[in-house]
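Peer 1: Protein chains in written order, with the numbering used here: chain A, 13 to 241; chain B, 2 to 747.
Treat the hints as calculated values from the structure; they're not laboratory data. You can trust all of the hints, since none of them are fake.
Ranges of calculated distance between the beta carbons of each label pair, as one might list FRET restraints:
{"hint": "1", "chain 1": "A", "residue 1": "SER173", "chain 2": "B", "residue 2": "LEU733", "range": "21 to 27 Å"}
{"hint": "2", "chain 1": "B", "residue 1": "GLY11", "chain 2": "A", "residue 2": "THR16", "range": "46 to 52 Å"}
{"hint": "3", "chain 1": "A", "residue 1": "ARG119", "chain 2": "B", "residue 2": "GLY11", "range": "43 to 49 Å"}
{"hint": "4", "chain 1": "A", "residue 1": "ALA131", "chain 2": "B", "residue 2": "ALA249", "range": "41 to 47 Å"}
{"hint": "5", "chain 1": "B", "residue 1": "PRO317", "chain 2": "A", "residue 2": "PHE112", "range": "35 to 41 Å"}
{"hint": "6", "chain 1": "B", "residue 1": "THR686", "chain 2": "A", "residue 2": "PHE112", "range": "32 to 38 Å"}
{"hint": "7", "chain 1": "B", "residue 1": "THR255", "chain 2": "A", "residue 2": "ARG119", "range": "37 to 43 Å"}
{"hint": "8", "chain 1": "B", "residue 1": "THR708", "chain 2": "A", "residue 2": "ALA21", "range": "38 to 44 Å"}
{"hint": "9", "chain 1": "A", "residue 1": "PHE15", "chain 2": "B", "residue 2": "GLY319", "range": "27 to 33 Å"}
{"hint": "10", "chain 1": "A", "residue 1": "PHE15", "chain 2": "B", "residue 2": "LYS95", "range": "31 to 37 Å"}
{"hint": "11", "chain 1": "B", "residue 1": "GLY319", "chain 2": "A", "residue 2": "THR93", "range": "57 to 63 Å"}
{"hint": "12", "chain 1": "B", "residue 1": "LEU702", "chain 2": "A", "residue 2": "THR92", "range": "29 to 35 Å"}
Not the full set, but computed from the structure, chain B residues with beta-carbon under 10 Å of chain A:
{"hint": "13", "residue": "ILE724"}
{"hint": "14", "residue": "GLY725"}
{"hint": "15", "residue": "VAL730"}
{"hint": "16", "residue": "GLY732"}
Even for Gly, the Cβ is constructed at its ideal location relative to N, Cα and C.
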Amino acid sequence: MAFTLITAATLIGVLFQRTHFRYAQAGKAAGTAPAVPGATRPTYGRWLAGRLRALASGDAWKKIWKALVAWAAAHYPGWTTWIFAAFGASLVYLAASGLFFAVFIPRGMTGVVLLGHMAFGGLFAAALAALLLWRARAYAPGRTGSGTTFGLACPVFKNVSREALRAALFWAIAVFGFVLIVSALGSMLPVFVFGAQATFTAIHRYAALALVLCAIVFADVAFVPPPRA
Amino acid sequence: MASDTQKWAGSRISPVHQIPLKDEMNQEIVPTESNPLPFSARYSCAPCHDYDAIKRGLHFNGLPAGAAGRPGEPWIWLDERTGTQIPLSSHPWKGVWDPVRLGLSDWDLTLLFGRHMPGGGAAEPSDKDMTPDSRWSVSGRIEINCLGCHNASRRQNPSEWAKQVLRENFRWAATAAAGLGEVGGMASRLKPTWDVFDGPNPDDSEWAVAPFVKYDRTLFDSKHRAFLDIAYKPGDDRCLACHSTSPAGARKFTADDDVHAAAGIACASCHRHDVSHAMIRGYEGEAADNPALLAEDFTCKACHLGGVSSQGEKLPAGRLGAPYPRHKGIPTIHFDRLSCTVCHSGPMPARETTRVRTSRANRLGIFGIADWATPLPSIQEPVYLRDRNGKLAPHRMMWPAFWGEIKGGQVAPLAPEKVLAAAGDILFPEKSATRVLAALLNVADLEGTPVLVLGGTAFEANLDGGLRPSKYDGGPASSDPAWALRKEAGFFPLVPAFDPANAEASADPEARIQKILEALNAAEGAPGKAAMLYKGVLYQLVDGGLDKSEKKEPAAEAPRFGWLAKDGALAPFVPEADREAIIALAGTDQTLTEDQVARVLKALGPADHGYVSGGVLFRLGEKGALVAKTDAAADPVAWPLAHQVRPARQALGVNGCTDCHSAGSDFFFGRVKAAGPLKTETVTTRSAASTMGLFNPYQRLFGLTFTARPAFKLFLGFAAALIGALLLVAGLIALGRFAGLIEKRS
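Kindly generate the complete structure, drawing on both the sequences and the hints.
Peer 2: Written as structure tokens, this is what we have:
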């Protein structure tokens, strides 16, 4: 139950933060930034509803797909596109199946979905290792970015460069991915006792949630272009 | 917990029970008196123990229906002759029949199951529950048999109990079984007007002897107080008298104890109760069924893992020295979906389920000249089914069998006596043979045991009026069937070969033929006059002498016996249908053939009758052949098993995941094949996965993945090591740059 509540709260929080940030940026770009914070909610709601309506159309998804392909082609040239594809596909399946069963099915994952989860888990591990081997240099620690600053809800890191944020998210995804793999592997080894197994399961769930949240922000930061004036 | 009438002061020893015994009139028993009454537990124990509180205990059917809890072993109404095995219980469990619905009175139940009843309940009905057809006034009621469990003396004899109950000596049974005295007489032979105060029957000291007791005076002191060797906690033998379960056909010395018993933990150490005798059964969720119990304190989990009791108290692990299970490498999902007993109790899963016998169902633990134990009903374990809490648990399973009347699509069981009345001799195929074999035993100078040779098997009559098969190794029989003699040297023809035309040589054989025919004609229920046909000569007795006449039939090379019909035809002693049934059932536990079922259904009325066995309902089709179909009435009854508990090293999964998760594991892909009294190939068969409610092909696929599991683990380990190394390097670089040891890149 605690995990369900935390999942719901963090997902809603992150989605709200990102959409609200986008909404504020769109307002700034259009020169109609709301003067009174209290007045933003209905306008934000209408804005969000409009966005969701737009998403419901086939064109929107075609545009998103195009943007994704373009981004992947730019950042993962040649055969390395497969790394991105494998990582993305496995991440989407694992996140969808894992969170759905963790939240809605009290008795846990089972059946073909579980088999798929394990298969995509293997793919995810391979893709993450390849990602780090071939793409980590692009996010090497210490590189300072000079791009647009990005607003965060955090008061300390309120304004960080887009590049730095992307790098931080990349490494966070790598760390959480590592934890996911280790916790999955640990529960398969005939070494750990019941208490450790239960801990592995808990760690696996929370690491997965954290990774999904990071991936959402990363996708927003990396793929979605800033609003045009 | 129900309040105890006796407050425990704290001493852990039990008092010596040197107490006056009382009879059912609450009068003190003086063993030296003539014709003393048997002792009454109600009045002998009552001064200190609340009999009325005890009556509400689990063993005395005192539980209200709502508190019946998870299914337990039902009583099984077994009648081998008619192939009837019906699970009975007054509790609303799935697959059982309410005895009242089947017209069984308390009297009937006591006669059927009193052998393993602890008294009380149905065996001690109130006046208003006594049905007119009963004989309670003669037999007396069976009070709760306190000594049946609490007598620590090795003289406590369950077989004596069963014997007395079968003799309808109900009120005497406890006295006899406890060894307090010797009980004679049989209430079952007395007139229904006899009363216990009538005393001995002066007119009959041989047959209709009124029950009496001669107390063992050495047990009494000068104040007529008897020493009872009472145990506060009943010994395991007392429990096992009614609760033994063993694989059918196993040898006793190969049987291991339950791991708890081997560790010195008695049954009553966990299955506790106070004076209310509301016994803890020990399953998870029991506290919800009966909130008054400290039930959850004595589950596997509570003792081995600890936790929180049903009363909200913290339970430390390791009660009674229970080892803490580490369960290394077992994903936690197993503990959500499986009960502890799946891996730790009952026999290991095999390709086919293990057939077991239980005390109550198969009449175990009763010893005597006669063979009390019955091979039927066939009970199988372990069958993995979902428990009430959704977890898998191993169960025992039995498939009902009965003749039924079909009304509105529902099959209602018929009582065996109704079936017997309609079926006549159809259900007694051996009768025609035993009649002859019994008669042949009376023939002087045979110097051997008469046997019937049939289908390569020799059958001889046994003491129970049945046939005992043994291998026939006397070479090819001269005819089938053949009547022969078994001697130490082997098998010999009943009548040696001779030439009927040679008067001198045929004198001795003809003398024997005469004796045989005399004995057969005197046989009880002989359907006609016995005769023998041999080499064109018909032998029969006429006016006490042996008559020879020519018979215009294909000359029999071997002596052919039979009953002479009015038209002069010679009908075989054993009709063909009976022969087929005898051959088919020889050496099996089954008691019926398909042919018998078809004939009995015709006799009952095929339109609205059927026979249930092996998970299917048999009816007669339009052409008179048996037609089988599934029916809810044929569904099995199952109840969870908890014992025998195996040690951890013998638990399922000790060899790794593939104990269960493989493409062909016995756990998922073993078979549950229905069994019943009918010898047939048409039985229900289910895979273990399907009984668990799982999708068989998926489990096979999932099991297959475990062949690649070691490689998968290696792969994941390699990936984790690589990712970990890169993260470490990145972390060190970040640290170095933060510390200024590595130059920052722009």
